[in-house]
Amino acid sequence: MSTMREAFARTVTEAMETDPRLVVVLAEISRDVFPTTDRVINVGIREQAMVGVGAGLALSGLRPVVHSYAPFLVERPFEQVKLDFGHQDLGGVLVSVGASYDDPGWGRTHQAPGDVALIDTLPGWTVHVPGHPDEVVPLLRTALAAENRVYLRLSLRTNARAYPVAEGFTVVRKGRLGVVLAVGPMLDRVLEATEGVDVTVLYAATVRPFDGEGLRRAVRAADHADVLLVEPYLAGTSTHVVAEALADVPARVRSLGVQREAELHAYGTVEDHDAAHDLDVLGVAAAVRRMYDHGGQA
Amino acid sequence: MKLRTDKGFAALPALYARMAGDEKHDWAAASTLDVLWVLHDRVLDVSPDRVDDPGRDRFLLSKGHGPMAYYAVLAAKGFLDPSLLDTWTEWDSPLGLHPDRVLVPGVEIGSGSLGHGLPIAVGTALGLRLQGGTQRVVVLIGDGELDEGSNHEAIAVASRFGLDRLTVVVVDNRSGTHGWPGGIAARFAVEGWEATTVDGRDQDALHDALTIPHVGTPLVVVAEVR
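Sequence order for the protein chains is A and B.
Sequential numbering from 1 applies to the first sequence in the numbering used here.
Sequential numbering from 1 applies to the second sequence in the numbering used here.
Source of the hints: derived by calculation from the structure; they are not laboratory data.
This one's a predicted model, so the numbers in the text were calculated from it and none came from an experiment.
Glycine included, every Cβ here is placed at the ideal spot set by N, Cα and C.
Don't take every hint at face value.
As the list claims (entries may be wrong) - Where chain B lies over chain A, by a calculated footprint (3+ residues, C-beta under 8 angstroms):
no.: 1; segment: 43-51
no.: 2; segment: 58-67
no.: 3; segment: 78-86
Take the sequences, apply the hints, and build the full model.
Shown next as structure tokens:
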């Protein structure tokens, strides 16, 4: 199976053959997975220029795909993302790899659990968090053909199977005790952690726009408005949109994700980091028990 | 030609005063004034009826702070109804203390935060060239703005990519605290740019500098304003 990054490069390269608007901007990272053409622009290790150049390409009428490792795409040139794309009201597709801690041996400098939260401070961005390489392809094809601002967050973490890319959340399992919303690569761990627990499991590969109506529908169909949000990035990133979606429902909401309290200063494996953030199956299962272990009693 | 230019330029103080009041000192101090006028009057292929024409030249005001001279020039050239100048900084005015491209036809970028215009201009020049265009892309920055590292990323990239339709005008009124030993032009020249330094109040000198041939490499005009 190919990685999300390979699916990304292949999909963009194929689309470039028929869409003359497409142009890729890189800052060294991933330069070897794209063909050598004047429409693949490597600016060197210059991320502010990478984003600014991407916006300028959009200003000239092209559709830029700007790509780097997550901290160097979203965090380092964040003001360029905010102003050069957002404030100028230009479209573009930002594609990151590395996610929250895909390469933990590289330490904190290469971890970006805050990327989606940061993008979420800016209006008008669509945010995709695919859970499988096969989901990358349709999400990306739609993004490339559109005019809007898209952030596509790729990861080495994947679920065992892909789900059809849909407009709203996908109902993976139905239950009475409440609703668990699993984002992207968290789905497999959520399914294992909720094994034998009578809850609805929703799956989201797109978190902005947020399918509040889909969540409301699932909550209404259950006996309890108990919602567990499980995201692979900063804990609570989507809590405010969950709260907004359930504004007219007395609800209990808990959010799991990469914890905010302390910097770990630790290397190790992705499994080590999952465990440290309670994002392994054990951690998610413990949160599920705490949330839903009321035997179906109100 | 000369007569029309003089007449147009003479109309600017009154337009400017509709925003800033009748303060002659303020008007004279607008460091960007002559550059803006020469660009819009004699250099750029732009006009109010072609603000969406893909073939137009692009002018990016990166130094967006103190845009009254820019608004005055746009009004003098017919991009803005002069009556809009009276609404300056009001809630529903298109004109603020920093320009916003979404609000003003003919304004190519919104600016205010420094160091954004040049990288965007590099992308614009690249994009136009990829589409077979020969439009000029001119970006105006300040000497203080040049402190921002993003400019230096873009200066290197522009030259490596041989963007000979790109021109940077640096209005140098020595506003930076730490200055540029050896001069600003040298910072560009070392990267292979065609570089020249002129009196930023001398409109003919500005015109000559802005029309220097620069095949295969971008051009910087440092406009010194005291």
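Hints, verified against the model:
1. 43-51: holds (count 6)
2. 58-67: Satisfied; 6 residues make the cut.
3. 78-86: Coverage by chain B holds for the segment 78-86 of chain A (4 residues, Cβ < 8 angstroms).
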